Amino acid sequence: MADTPIVLVDGSSYLYRAFHALPPLTTSEGQPTGAIKGVLNMLKRLIKDYPQSPMAVVFDAPGKTFRDELFEQYKSHRPPMPDDLRDQVQPLHDCVRALGLPLLCIEGVEADDVIGTLARQATEAGRDAVISTGDKDMAQLVNAHITLVNTMKDETLDVAGVKEKFGLPPELIIDFLALMGDKVDNIPGVPGVGEKTALGLLQGMGGGLDAIYADLEKVKTLGFRGAKTLPKKLEEHRDQAFLSYQLATIKTDCELPAGLDDLDIAHPDREALLELYRRLEFKAWLAELLEGKDEGVDDVAGGTATPDVDGEHAGDSTSASREDHVILAQADLDAWLARLQATDTFCFDLETTSLDYMEAQIVGVGLALEPGEAAYVPLAHDYLDAPEQLDRDAVLAALKPLLEDESKTKVGQNLKYDISVLANVDIAVAGPLEDTMLESYVLDSTATRHDMDSLALKYLGEATTSFEAIAGKGAKQLTFNQIALEQAVPYACEDVDITLRLHRELRPRLAKEGRLAEVLEAIELPLVPVLSRMERTGVALDPERLHAQSQELARRIDALEVRAHELAGREFNLGSPKQLGQILFEEQGIPVLKKTPKGAPSTAEAVLEELALDYPLPKVIMEHRGLAKLKSTYTDKLPRLVNKATGRLHTSYHQAVTATGRLSSSDPNLQNIPIRTEEGRKIRQAFIARPGYRIVAADYSQIELRIMAHLSGDKGLLAAFAEGRDIHAATAAEVFGVALDKVTPDQRRSAKAINFGLIYGMSAWGLGRQLHIEQGQAKVYIDRYFDRYPGVARYMERIRAQAAEEGFVETVFGRRLHLPEIRSQNRARRQGAERTAINAPMQGTAADIIKRAMIDVDAWLRQGELDAWMVMQVHDELVFEVAEGQVERFIEQVKARMQGAAELEVPLIVEAESGANWDEAH
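Numbering of the sequence shown is given in my numbering, commencing with residue 813 and proceeding in unit increments.
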């Protein structure tokens, strides 16, 4: 269409800018994707903004260009392309072609020249051209028919826009670049002429290089600083200026293999896009494509089987062929109850009013027995004109025997939530459990998400209906009881149908992967009801103690702010990275250790932590940040989290978050409460026992070091643990060459840092920094450690090699941690994966052990022999509330059970104490 502009995209410019400006992303296999996603977002926007326009995406070709022949040093200062960027070039090209966009990559010239040539051809043919770029050099091409668009900055430049931005018309941009040069491309320019001087010259002389060099004497009369001495510089570097002019000029007469008639956008290659989006893990775009929403993609709904997007089969049915039932009559319910009674496995899912199980009210129940058929029993939809529904209490009473039947397997997604909600209405879910969230997590814990929507895309190739799609977003979002049945029924039926199909897809995969099925069956699934009970039990809190501590923290935070202002010599906002950076690096001259992606000096925590070793202001800032975080996260927030009905704090534990298998928690995050600081201990003092009870804390002693001894088989470590020696003192004796009884406290502290540092893959530099010693001395300590414990060195070498070969490491119990970056070409990422390979089997085994202990201890407590409750789990520690007269007996038995959770080559030791609060019990 002659009246639509031709769109020319500077792919190379956007690729570099996206790489440096956007957060890095990688797939679960370690493929970097951040720049690809950034460029594709821009292309998709351009396609939307210019729907009828011909388009070409132009990239620089590898190899030299004619400019290298003009000037040997052209672009010689540019560092080589980073590996993580290089790895994204070909996948991006593949995506561009799959979208149906013409891609040009011409040897001997740059992308700018190709774009310039096509733009000139367009204007000669009477067409307008839009150049999409972030490169200022392109401003020279702008005229009445050529416009620049920068989608990253949402900026459009026509002739007037160029004048406003640069202070010059487009025809003087080349002269501007020639005078001031370009450090990025190593265009020399005229030494001493910067941006302001070049602008003053061109504006003052009213023309370009020719006008300037035709009347150098006039330059002296210009009113800006340094004008009088400028003619001499200009004369000395006349040849360099005109060479720079040639280098900066975009070529507009290239010989191209494609012309304007070849730039029409083709229909996207749907199959290629499916494969690329799956491989690059662009889940949202994959979902759009599957729903037929992608650019130019035909509607694929209505009975067409979805393709396999994960290399195997896509399940037993599709949503298009699913048969949905809504149960509003007792006869229909009775029929489904009979079917449930006759089966040994069924899938269920609750639809509720809230994600908080303490507050949630049951709105309906989804049921499925076989893929392709599902039912929804609405119980409490109360919107205007809602149909009459079965009595909620009667339906739940009818389902109660089935849900509590120990012979029936219950399938669900995140079953802990459903179990907790049902417990609130006196239904204790029993029998074997199958949880698709945990199946996915055990299969690959490094996958970023294990929610149903993500799993459906990954394993079934289906895009599911999001809750926002039927309920809206934000403050006006409806709760499920307000959703009309016309939408609620297919949504609820989809949930159970997809969940059942995922279960049938994931379970066979687990069976093929080592001992993963055993990890799921023996550890993760039995833990679900344990966590549900522990969450619902909660822990008592002393809000008055927290309030007093909050006031004390506020006083100390204020004092630190005053001290920071004194050290800075002026007042400033401690929370402003910009102001802090100015004071530290400009006013106080502290060396810059690291920069942000935008080039500003970094004031991140790790940087300040290092600077705090040598400079007082960063040390004060670090202390201020730490106390402010404690105040906002714990002393202020914890009392607000206490449930009004129970008067207790009910944290949420998450099984499918950490890569190593450890539990995490939220609201509050118990794992991050400091234990070694006075402030952290004061927070723990607020976790109390109710009247007549005591808090008991039982903690595995040095569990990861014991696991290291088991895994490495090192004779020295095994002997030290077997003989009950202080492992840190024993290491100090070996490393420092002194008798065990002569080890000093400082030597023991250093040995402790060595012991724990090395199992986390710490380098000599890191150890030296932690011990405040020279790197060379730290290396001596590490070498001496490995000389004394050679089995540890052999284990580390063996596990690194095994990880590189197999792509994963395993715990003692068979849990796998995949390491997608273990073969990365990026050295830093590869080394990070190697450090993880060393530590993950220890952390993961420790996680498995405490989970096994929780399952056993919970089963023992449920027998009712003692009046005790498990109330918290934090790292390697279990916390209980125990009746006062039973504490001694409880400690003896809980230690025995926890120590029996695993059989290692060294004994497991549990230390347990009691107190009125958590701190006293430590």
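Read the hints as simulated data drawn from the structure, not as lab findings. Note that this is a predicted model, so its numbers are computed, not measured. C-beta atoms are modelled at their ideal positions from N, C-alpha and C, and glycine is treated no differently. There could be a bad hint or two in this list.
Stated by the list, open to error - Result set (SDA-like, lysine to any residue): computed pairs, CA atoms no more than 25 angstroms apart in a straight line:
id, residue 1, residue 2
1, 1441, 1451
2, 1707, 1356
3, 849, 920
4, 1212, 1256
5, 948, 1032
6, 1212, 1167
7, 1212, 1242
8, 1441, 1457
9, 1407, 838
10, 977, 1037
11, 1707, 1539
12, 876, 914
13, 1443, 1559
14, 1591, 1528
15, 1407, 1422
16, 1032, 1004
17, 965, 1443
18, 849, 835
19, 1431, 1419
20, 1449, 1502
21, 1494, 1734
22, 1220, 1333
23, 1564, 1502
24, 1443, 1412
25, 1443, 1528
26, 1095, 839
27, 1032, 1065
28, 860, 1422
29, 948, 1004
30, 1063, 838
31, 1390, 1356
32, 1494, 1539
33, 1032, 1000
What the hints assert, rightly or not - Now the in silico label distances, taken between C-beta atoms and shown as ranges:
id, residue 1, residue 2, range
34, 1140, 1221, 24 to 30 angstroms
35, 1316, 1140, 28 to 34 angstroms
36, 1349, 1140, 45 to 51 angstroms
37, 1359, 1133, 57 to 63 angstroms
38, 1296, 1366, 46 to 52 angstroms
39, 1487, 1203, 49 to 55 angstroms
40, 1577, 1366, 37 to 43 angstroms
Hint-by-hint comparison with the structure:
1. 1441 - 1451: Roughly 16 angstroms between the alpha carbons, so the hint for residue 1441 and residue 1451 holds.
2. 1707 - 1356: Not satisfied, since the Cα-Cα distance of roughly 33 angstroms exceeds 25 angstroms.
3. 849 - 920: violated (28 angstroms)
4. 1212 - 1256: violated (34 angstroms)
5. 948 - 1032: violated (29 angstroms)
6. 1212 - 1167: holds (22 angstroms)
7. 1212 - 1242: Holds, at roughly 10 angstroms.
8. 1441 - 1457: violated (28 angstroms)
9. 1407 - 838: Given pair residue 1407, residue 838 holds - Cα atoms ~22 angstroms apart, limit 25 angstroms.
10. 977 - 1037: holds (22 angstroms)
11. 1707 - 1539: Status holds; Cα separation ~21 angstroms.
12. 876 - 914: holds (23 angstroms)
13. 1443 - 1559: violated (35 angstroms)
14. 1591 - 1528: Holds: residue 1591 and residue 1528 sit about 20 angstroms apart, inside 25 angstroms.
15. 1407 - 1422: holds (14 angstroms)
16. 1032 - 1004: holds (15 angstroms)
17. 965 - 1443: violated (38 angstroms)
18. 849 - 835: holds (10 angstroms)
19. 1431 - 1419: Cα-Cα ~11 angstroms, so holds.
20. 1449 - 1502: holds (21 angstroms)
21. 1494 - 1734: Judged against 25 angstroms, a Cα distance of about 12 angstroms means the pair holds.
22. 1220 - 1333: holds (15 angstroms)
23. 1564 - 1502: violated (37 angstroms)
24. 1443 - 1412: violated (29 angstroms)
25. 1443 - 1528: violated (45 angstroms)
26. 1095 - 839: Measuring from Cα to Cα gives roughly 11 angstroms; hence the hint holds.
27. 1032 - 1065: violated (38 angstroms)
28. 860 - 1422: violated (48 angstroms)
29. 948 - 1004: Measuring from Cα to Cα gives roughly 21 angstroms; hence the hint holds.
30. 1063 - 838: violated (37 angstroms)
31. 1390 - 1356: This hinted pair is violated, its Cα atoms lying about 38 angstroms apart.
32. 1494 - 1539: Given pair residue 1494, residue 1539 is violated - Cα atoms ~29 angstroms apart, limit 25 angstroms.
33. 1032 - 1000: holds (23 angstroms)
34. 1140 - 1221: 24 to 30 angstroms: holds (28 angstroms)
35. 1316 - 1140: 28 to 34 angstroms: holds (29 angstroms)
36. 1349 - 1140: 45 to 51 angstroms: violated (38 angstroms)
37. 1359 - 1133: 57 to 63 angstroms: With a Cβ separation near 59 angstroms, residue 1359 and residue 1133 satisfy 57 to 63 angstroms, so the hint holds.
38. 1296 - 1366: 46 to 52 angstroms: Given about 50 angstroms between the Cβ atoms, the range holds.
39. 1487 - 1203: 49 to 55 angstroms: holds (51 angstroms)
40. 1577 - 1366: 37 to 43 angstroms: With a Cβ separation near 38 angstroms, residue 1577 and residue 1366 satisfy 37 to 43 angstroms, so the hint holds.
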